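K.L.:
The lines below spell out each chain.
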Amino acid sequence: MSAAPAAPQPASAEPLGTAGALDLLLVPPRPRTGWRVLPARAGALCAVELQKLRHDRAELYTRAVQPALWLLIFGETFTRIKAIPTGGIPYIDYLAPGIIAQSAMFIAIFYGIMIIWERDSGILTKLLVTPTPRSALITGKAFAAGVKALIQAVVVIAIAALLGVALTWNPLKLIGVGVAVVLGSAFFSCLSMSIAGIVLTRDRLMGIGQAITMPLFFGSSALYPVSIMPGWLQAVSKANPLSYQVDALRGLLLGTPTHLGLDYGVLLLAAALGILAASSLLGRLAR
Amino acid sequence: MSDDDAVMCAGLEYAFGETRAVDGLDLSVTTGEVFGLLGPNGAGKTTAIRCITTLLPVPAGRIRVFGHDAAKERMAVRRLLGYVPQQLSADAGLTGRENVALFARVFDVPRRERARRVAQALYAVDLTEAADRMARTYSGGMIRRLELAQALVSAPRLLMLDEPTIGLDPIARTSVWEHINAVRRATGMTVLVTTHHMDEADQYCDRLALMHRGKIRALGTPQGLKSELRERRGPDDPPPTLEDVFRDVAGRGLDSEGGDFRDVRSTRRTAARLG
Ligand SMILES: Nc1ncnc2c1ncn2[C@@H]1O[C@H](COP(=O)(O)OP(=O)(O)OP(=O)(O)O)[C@@H](O)[C@H]1O
Ligand SMILES: [Mg+2]
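Protein chains in written order, with our numbering: chain A, 1 to 287; chain B, 288 to 562.
Same shape as in the complex, but just chain B (with noise of 0.2 angstroms):
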């Protein structure tokens, strides 16, 4: 539990009325690190994530990120975020540009750099071309790399994405983790990502928490939770996917949890909007 981890969850919870979605939840990000977070429908992923963006009100000494207290400093934390939720949220009656600038703006970039700041975070997702078109006209991509692009404007040092790849195709998904991990080198920021495409989690992430009914399951690097499956299972199965550790961890209660209508039913509402 050391200050300089990017993000600190300590017995953290968080109930909706009788539903206990984080329920004693212990974490720490690395600074630099992409760390992922998997989980099955319902886990609990997102309000795990809305705690640590102070959208849902928590106990102070729960949540540190980069030392800072997500109860008691809530501004110096948001300061740090750049944070894209689970819904595809551009504002669609906006330009690409004045997106961006929106939120260059709520984080005080002073008027003489904010033209160049905005061009800078829309050019990094390459967005320079369609930065004056409506964000209604945007594909399900290319709204994702705006909204990457709105969260890039201020600097964060903590990259907070919710299934950034959600709806997209595989083109479109593989541009969006391009973008990330190239924005990552150039600036260095950790980034705490969630999806349920075990494909990107072995491939982009640097190590994974599976979480399951509000807690932490398993922790390691891709690699590490394969083979420590792999010698349970003992040599003579084929040498387990990331995909059979996630059924393990998470497959005994998958049955009677299922899918969330909620989820289901904002993702067809953004749908719906962006036309």
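Extracted from the complex, chain A is given alone in its bound form (with noise of 0.2 angstroms):
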């Protein structure tokens, strides 16, 4: 392709400027500053992420296939044999709230592995290499997360009304449901970007990461009422932002009791502190 003779050669055969084809090239752009470089960035970044999600669409479809067959086997299997106190809502309906917020996760802990990915093919080291903070940086990424995240809870959501699960249609709550599920990604991505600065390689990483997602969703409110689980379990459950991220779901798409200012204030926490951690931990991917 390179050597076609036949393909224009503007750069090599007449010196470009004549033209003025390449003014644009010659004036650095002009720096945004202050405040406005973080949405910028992170914008940028999202957008990458957008881009990527329309050329491998068949990335969505596959990905759709495990929340369908938790909610098909689990949740109808579990509707039948009412084994698990809901407070006298279906099964199915209970649990997909936390269907949602598990495919949000495990989206979100795929990206310690994307950006030690990154760092190897050198997409990272060039991205580092630009007018960038690092906090920017993990923050874009971060927030890509949440976007792929929350193009996944629509699928979710949609395949549960299929189910027959009788989710809140109500504007102002399903925001806020995309809120939580953002904010939620948001952590979770961090926190796995984080052990990637700490492990710096893919195979430790992988192991890690599945070594912590178990935890974390059986350690959660998604599947069951944190009131049956043993003390120390309940214990992690509180610790766990997944647990704040589901009762927020459930009280909104289900209109169950909760507690919507402790569920966002954790999770909102939680995000800030991963964003400050896996930035601070990003420099060691750099070397």
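Please keep in mind that the hints were generated in silico from the structure rather than gathered at the bench.
Take these hints with a grain of salt, some might be off.
[Claimed, not checked] Pairs of lysine to any residue residues, derived as SDA-like cross-links and limited to a Cα-Cα distance of at most 20 angstroms, are as follows:
{"#": "1", "chain 1": "B", "residue 1": "K359", "chain 2": "A", "residue 2": "V37"}
{"#": "2", "chain 1": "A", "residue 1": "K52", "chain 2": "B", "residue 2": "R420"}
{"#": "3", "chain 1": "A", "residue 1": "K52", "chain 2": "B", "residue 2": "A379"}
{"#": "4", "chain 1": "A", "residue 1": "K52", "chain 2": "A", "residue 2": "I198"}
Note that this is a predicted model, so its numbers are computed, not measured.
The task is to assemble the complex, starting from two chains supplied on their own in separate frames and drawing on the hints.
P.N.:
Right, here's the structure in full:
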């Protein structure tokens, strides 16, 4: 391709300046400063995430399979045997918000592996040489994870609706759901990027990633109420942001009693701490 | 050590644990020139470049880029740089255009001129027609040119190219260099480049530095370096090539250091990823 004689060779044949065709490449863009940098970078990285999803729709479909199976098999079965005290609502309804949170978490946890892969392939290296503070890069990645998880949440909500789960269609509440999904994903992606900054290799991260997602998921209120857990697991659940995310989602989508103020407070704090931790560990990946 | 210099390094050191990759490097790159950094595998070229790009932390006062300290004014330095790392590093999951647009965005190119600027960068490296294909379908030479476009879109004053022609066939190599030169003619930017190809260094670089074990061992124009060796060897020997100069400087230590598995690995990985 590079040698195709038929292709126009503007750069090598003619000095570039003459036609004025490259005028913009002579002028550096005016830098954004102050608070505008962070949202601009986050926006750029979210845009990339959406572009990738557009090119690879298959990922969207394959990712929908697992939550659908959870709802279909686990949800339908446990609805019939009524083994879990859900406060009167069908178990599958109770489960749906948990599965939304679960699939969002799985997407977010993958970001640590992705950032190591981007380091190994030089993509991260190049981004680190742009005028992007490390915290902005991490915030961008965290929100990109949120965007991806949000799309996944829409898919899971649609599947749940098809399975007859009675979810709210109140737009304000749905926006609340979106915010909780984004904040939760921001935290879990930063958790995994922080671990990536500590262990530095993909193999080790894969092992740790699997080792933590399981207890995070089962040690939360995603599948069953905290009250039926043994005491020690209840303590784990209290420290687990996933529980707060599920609590918010359940309250908003099903109208169960909830503590929205606390839930959003914890999620916001967790996301902020996650961004802080991951940004300060990012330098290790640059070396 | 003038602030007009594009790059100034003074006593630069960087160690990975026990390995002193850069060990007292003094270097100054004059504005507007094409400066070639040569040296055997493991000489410390990539490490030096990564220090200058602010990727690796260095103490204040060691590196200046157009007068900005690489330790204290990182953002200012990065704004002046276009960087193409040693590995082929375009994002395979995006089109060529999207790859360049990302860099336009992170350099704050305003929305209204973004599309035009990206198109110009792609045009400058002759990728206009392939712009909307996925980067994973690009050949090695096209990826390198795409990376050049990514680096150019922010109108850098200093282009840092770490082995821009690594793994390319001779035609793709020439093409990459022709694009570098054409862009340089049009923009007057400074180029700092590393390479293992002596013919490229001879043909395209204004000045060369030969690096070995973390230090500069010889410095001059390609012609100057050759005639210097000729004078030392005497007029009876055949006229030395740049390769002879390279051997003369680096030869003594080459055996003990050899290649570097890490680089081989990363190159392979890139090859595998891009299919
Ligand atoms: N991330 C790293 N961790 C540990 N050692 C490293 C790292 N990067 C480089 N080194 C070591 O530092 C030395 C200099 O490496 P560097 O990559 O700078 O050499 P180079 O001149 O670019 O070589 P090449 O021509 O093979 O690209 C080598 O001995 C290398 O093994
Ligand atoms: Mg190198």
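K.L.:
Which of the numbered hints above does this structure break?
P.N.:
Hint 4 is the one this structure does not satisfy, whereas the remaining hints hold.
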